[in-house]
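Chemist: Here's the letter readout for the chains.
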Amino acid sequence: MQDFEPPSNRDSNLVATTIEQLYRESSRKVFASLARCLSDLDLAEDALQDAFTQAATQWQTEGIPQNPISWLISTGRFKAIDRIRRDAKIGQNASVISDRISRIASMNAARSDQAIEDDRLRLIFTCCHPAIDRMVQVPLTLREVCGLTTEEIASAFLTTPTAMSQRIVRGKSKIRNANIPITIPELSELPSRLDVVLSVVYLIFNEGYCASSGDSLTRSDLSAEAIRLGRLLVDLSPDPEVKGLLALMLLHESRRKARSDSEGNLVLLEDQDRTQWDGALIAEGVALVEDSIASRRVGGYTIQAAISAVHSHAKFAAETDWRQIVALYDVLMLLEASPVVELNRAVAVAMRDEPLAGAELIEAIHQRGELKEYAPSYSAVAELLRRGGKRKRALSAFERALELTTQQSERRFLMQRIAELRNHQ
Amino acid sequence: MKYMLLIYGAEQDWTDDERHECMIESKRISDELKDQGKLIDSAPLHGVASATCIRVREGRRMTTDGPFAETAEQLGGFYLIDVEDLDEAIKIAERLPPASKGTVEIRPLLPIPVPN
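The listed protein sequences correspond, in order, to chains A and B. Residue 227 in my numbering sits at position 227 of the first sequence; the count goes up by one each step and never skips. Residue 453 in my numbering sits at position 28 of the second sequence; the count goes up by one each step and never skips.
To be clear, the hints were calculated from the coordinates, so they are not data collected in a lab. A couple of the hints might just be wrong.
To be verified - So, partial list: chain B residues that the calculated Cβ filter (under 8 Å) puts toward chain A: (1) 426; (2) 510; (3) 511; (4) 527; (5) 530.
Just so you know, even glycine gets a beta-carbon here, dropped at the ideal spot from N, CA and C.
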């Protein structure tokens with residue numbers, strides 16, 4: 001039997017505010033535990049609502065239970081069994097239903113706090129299962145794990161609630177029909193499965209951080225959700241890349257205020273007012289990077305975070321340790337070589353040595369036929385050529401960048417550069 | 426939970442020796458699954474040249490020579506398995522020799538509702 005608090009806790013205002021707070025802060029935990037126990041996301045959602053409804057009446061008369069989360073999980077489970085009985089269609093295989101009910105009833109409902117957190121992790125792995133389409137993994141995780149509404153997710157991804165709801169339904173049907181388990185993958189599968197989870201979390205973060213349009217408030221909410229997921233994963237997984245990813249997100253987030261001006265235009269890293277950077281986030285991010293590097297099993301996220309940490313250490317742009325940044329890009333090239341990493345390395349080389357050294361490296365990438373549709377590669381080479389005094393080549397690279405750019409504030413910046421160069425000819 | 430594993434591949438991708446080896450390995454996996462009570466049935470199929478398609482339209486049967494669709498990769502065999510969940514089905518699918526040359530498609534079986 002559940003122990004109840006003394007009658008003083010039956011104050012109806014207190015009960016109402018407690019329930020409200022529990023719903024806001026813990027309903028997704030309860031949901032994740034119900035999902036694991038019921039192996040059915042829709043049923044878990046219904047059971048969650050039923051449990052909170054029951055709490056609203058029962059706690060008024062009997063007081064708030066000592067462990068409200070356990071109470072909600074346990075109540076939700078019995079409500080789900082009621083629903084299965086009620087919804088059983090005539091003629092439906094009775095033994096299948098009774099098997100299902102006894103399986104649910106036998107599941108251990110007394111969950112420790114750790115077990116409840118593990119249930120959330122299980123649900124993340126399910127929503128980020130590689131058998132689910134990438135376009136679906138991200139909104140499904142936001143809906144099921146983070147508890148964002150379909151409307152919120154739709155507005156963050158600049159689509160209609162109907163379209164977003166279809167994607168989420170598609171994901172839930174896949175989980176149900178293909179019987180994707182709500183479990184933590186076995187050890188041999190864990191690294192590759194964790195990779196997918198981390199990339200989904202990073203995608204969610206970037207949607208909130210790099211987006212070219214959309215309501216800025218909703219956007220920063222997405223980044224906050226990604227950071228919350230990152231913290232949850234750090235608590236649950238010892239993998240150093242998990243720390244690396246959280247560090248990377250925190251270090252980016254620390255510059256949010258400084259990276260756009262009052263008109264919403266992007267402010268480049270070197271032009272940012274560094275006094276606006278968030279020192280607490282930087283300290284937390286740097287500590288995580290150091291932790292991850294100490295493990296000696298670093299991956300791409302950790303190296304990217306380490307690069308970001310080098311920038312964070314510089315009080316002024318001119319103080320940046322570009323030698324170290326180039327060295328970190330060299331490591332990153334060994335771990336996950338790509339033309340974009342090469343481009344970033346080229347810019348770092350330009351900053352360490354001189355602009356034309358970097359420009360040459362970028363032109364070599366273009367000569368191989370890579371990044372030829374990638375606007376940032378042209379704006380970067382153009383800027384380096386301009387600084388190196390190669391005005392004519394700079395002008396044509398800026399023009400190419402403009403052709404490839406649709407984002408308005410970017411375009412304004414490029415057009416200004418082009419006008420300056422033309423005037424000097 | 427029952428799953429059908431459908432084996433797709435390009436017939437000309439296999440030499441006779443490879444095909445022979447594939448059959449031996451597939452038989453070994455089938456036997457192992459059968460011992461574990463996880464196999465319902467499995468078989469390789471004759472090539473698409475042996476296929477016949479039947480369509481009945483307005484009560485008239487039409488018979489054509491060849492497969493349903495002329496594609497580079499063709500259905501070449503199947504496994505019908507009964508396992509815990511998709512993760513277990515994936516682990517079996519990745520062990521099948523054709524997975525390393527062609528594609529193994531995993532389809533959950535839709536249970537037939539019991540009539541009233």
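Chemist: Where does the structure disagree with the numbered hints, that is, which hint numbers, in rising order?
Modeler: 4, 5
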